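Produce the entire structure from the sequences given, and follow the hints as far as they go.
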Amino acid sequence: MDESLRASARMGNVSELYRLIQRDGNILKRFDEVEFVDTPLHIAAKEGCIGYAMEIMNLKPSFARKLNQHGLSPIHLAVKNGHKEMVLRFLEIDKDLARVRGKKGETPLHYICKVGNPDGVLDRFLEACPDCIRDVTTQNCNSLHIAVKNKRLDVFQVLIRMLRKKDYYRQVMNQKDEDGNTALHIAASSNQPQVLKLLLESKADKHVTNQDGLTALDLAHQHNNKESINIMRGSFCPRVSDKLKKHVFDHATMTSSLFSYDTDNISGDDRNALLVILGLLLTATYQATLSPPSGVLQDCTTNTACISCNRLRPINMFDSPTPFNI
Numbered sequence: 001m002d003e004s005l006r007a008s009a010r011m012g013n014v015s016e017l018y019r020l021i022q023r024d025g026n027i028l029k030r031f032d033e034v035e036f037v038d039t040p041l042h043i044a045a046k047e048g049c050i051g052y053a054m055e056i057m058n059l060k061p062s063f064a065r066k067l068n069q070h071g072l073s074p075i076h077l078a079v080k081n082g083h084k085e086m087v088l089r090f091l092e093i094d095k096d097l098a099r100v101r102g103k104k105g106e107t108p109l110h111y112i113c114k115v116g117n118p119d120g121v122l123d124r125f126l127e128a129c130p131d132c133i134r135d136v137t138t139q140n141c142n143s144l145h146i147a148v149k150n151k152r153l154d155v156f157q158v159l160i161r162m163l164r165k166k167d168y169y170r171q172v173m174n175q176k177d178e179d180g181n182t183a184l185h186i187a188a189s190s191n192q193p194q195v196l197k198l199l200l201e202s203k204a205d206k207h208v209t210n211q212d213g214l215t216a217l218d219l220a221h222q223h224n225n226k227e228s229i230n231i232m233r234g235s236f237c238p239r240v241s242d243k244l245k246k247h248v249f250d251h252a253t254m255t256s257s258l259f260s261y262d263t264d265n266i267s268g269d270d271r272n273a274l275l276v277i278l279g280l281l282l283t284a285t286y287q288a289t290l291s292p293p294s295g296v297l298q299d300c301t302t303n304t305a306c307i308s309c310n311r312l313r314p315i316n317m318f319d320s321p322t323p324f325n326i
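With the first letter of the sequence shown counted as 1, position 213 gets the number 213 in the UniProt record's numbering; the numbers rise by one all the way through.
Hints listed in this document are in silico derivations from the structure and should not be mistaken for laboratory results.
Here the structure is a predicted model, which is why all the values come from computation and not from measurement.
Hints may contain errors.
Calculated lysine-lysine pairs in the DSSO-like style (CA-CA distance at most 27 angstroms, straight line) [as the list claims (entries may be wrong)]:
1. 103 to 29
2. 197 to 114
3. 104 to 84
4. 165 to 197
5. 176 to 197
6. 60 to 95
7. 114 to 203
8. 80 to 149
9. 151 to 165
10. 165 to 226
11. 95 to 197
12. 84 to 60
13. 104 to 80
14. 80 to 103
15. 84 to 103
Distance ranges between label pairs, derived from CB positions [as the list claims (entries may be wrong)]:
16. 23 to 140: 42 to 52 angstroms
17. 280 to 230: 32 to 42 angstroms
18. 193 to 34: 41 to 51 angstroms
19. 124 to 26: 35 to 45 angstroms
20. 277 to 222: 45 to 55 angstroms
By construction, the Cβ of each residue, glycine as well, lies at the ideal position given by its N, Cα and C atoms.
Here it is in structure tokens:
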């Protein structure tokens with residue numbers, strides 16, 4: 001690059017830019033002939049010279065998507081160097097610049113997930129181009145993966161809040177990287193409890209396995225992350241199959257019909273027998289719900305996880321504080 005042009009970009013001197021153009025009308029055209037190169041727009045973006053950058057964008061819009069020798073576009077450099085207003089001006093001109101893929105397929109959003117969320121730029125970024133949250137790198141990592149790997153809780157909270165508004169949020173949340181790990185795997189292995197809670201509250205799939213056949217809970221055990229283990233275990237709860245639901249419903253219907261029977265016309269012994277039968281029915285029904293036969297539970301990966309839930313227990317009708325009055 002001509003040193004005079006480089007200096008004008010670094011200083012943001014628009015008058016000098018046009019003086020150089022008057023001297024050589026093809027001074028900007030030559031950058032189109034090189035595949036990867038620092039253009040005056042790259043330099044202006046790095047230095048935060050907004051006026052100069054907008055002038056170059058007006059003259060040579062193609063420069064905005066051009067990558068330099070380091071695989072970075074001008075908007076990548078603006079993000080990397082913390083020039084919020086420069087980033088926003090780029091997006092005002094062309095919101096799809098948010099999805100320009102640089103080195104390793106990383107977009108400007110991926111860079112924000114690395115460096116953090118200075119001055120709330122992420123919110124404005126996602127407002128301008130919400131679908132950029134779906135982009136992945138060459139390692140198949142999305143923005144959630146990158147935020148968790150870099151322990152950027154501030155970024156992660158914004159991403160989750162944004163994702164919950166989208167119909168594709170489960171797909172993004174359960175996206176696997178090249179090793180088959182989801183964001184939940186990474187959070188569990190690196191012991192990030194707040195991230196784990198956010199993911200589980202958002203219905204992240206805790207049963208998905210990576211390429212080694214390990215779930216997030218398995219990784220937490222592997223790294224002996226006790227806090228993550230407790231959080232993951234607490235999220236497991238038996239899910240009753242349709243077959244068992246029908247079984248319980250049939251018992252409930254039978255119980256209801258027995259209660260509706262005209263008990264005034266039966267003897268005391270029969271009435272006591274009826275109470276015993278009802279007690280047995282209720283106990284058997286709840287016991288079946290707690291410990292159904294093999295194959296009925298559908299959402300538990302290990303016996304340990306199921307037992308640790310401990311949210312259901314058999315209910316004895318005689319424990320009820322309100323007695324039956326027949």
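Structure-based check of all given hints:
The straight-line distance between the Cα atoms of residue 103 and residue 29 is roughly 24 angstroms, inside the 27 angstroms bound, and the hint therefore holds. Using a Cα cut-off of 27 angstroms, the hinted pair residue 197 and residue 114 holds, with the two alpha carbons roughly 21 angstroms apart. Among the hinted pairs, residue 104 with residue 84 is consistent with the structure: their alpha-carbon atoms are about 23 angstroms apart, no more than 27 angstroms. For the hint pairing residue 165 with residue 197, the CA-to-CA distance comes to about 18 angstroms; that is within 27 angstroms, so the pair holds.
For the proposed pair residue 176 and residue 197, the alpha carbon gap of about 19 angstroms is at most 27 angstroms, so the pair holds. Between residue 60 and residue 95, the direct Cα distance comes to roughly 17 angstroms. Compliance with the 27 angstroms bound is thereby established for this hinted pair. Between residue 114 and residue 203 the CA atoms are separated by roughly 25 angstroms; this keeps the pair inside 27 angstroms, and the hint holds. Annotation: proposed proximity of residue 80 to residue 149 holds, straight-line Cα distance about 18 angstroms (limit 27 angstroms).
At most 27 angstroms may separate the alpha-carbon atoms for a hinted pair to count; residue 151 and residue 165 meet this at roughly 23 angstroms. Distance check on the hinted pair: residue 165 and residue 226 sit about 32 angstroms apart at the alpha-carbon level, beyond 27 angstroms; violated. About 32 angstroms separates the Cα atoms of residue 95 and residue 197, which puts this hinted pair outside 27 angstroms; it is violated. For a cut-off of 27 angstroms, the pair hint linking residue 84 to residue 60 stands: about 22 angstroms separates their Cα positions.
Between the alpha carbons of residue 104 and residue 80 the distance comes to roughly 15 angstroms, so the proposed pair stays at or under 27 angstroms and holds. Note on residue 80 and residue 103: the hinted pairing holds, with a Cα-Cα distance of about 13 angstroms set against a maximum of 27 angstroms. Annotation: proposed proximity of residue 84 to residue 103 holds, straight-line Cα distance about 21 angstroms (limit 27 angstroms). Range check, residue 23 to residue 140: Cβ separation about 48 angstroms, and the 42 to 52 angstroms hint holds.
In this structure the hint that residue 280 and residue 230 lie 32 to 42 angstroms apart at CB holds, the actual value being about 37 angstroms. Taking 41 to 51 angstroms as the suggested C-beta distance range, the pair residue 193 and residue 34 conforms, at roughly 49 angstroms. Range check, residue 124 to residue 26: about 37 angstroms between beta-carbon atoms, so the 35 to 45 angstroms window is met. Hint check: residue 277 to residue 222, Cβ distance near 50 angstroms, so the stated range 45 to 55 angstroms holds.
Taken one by one, the earlier hints fail for this structure at numbers 10 and 11, listed in ascending order.
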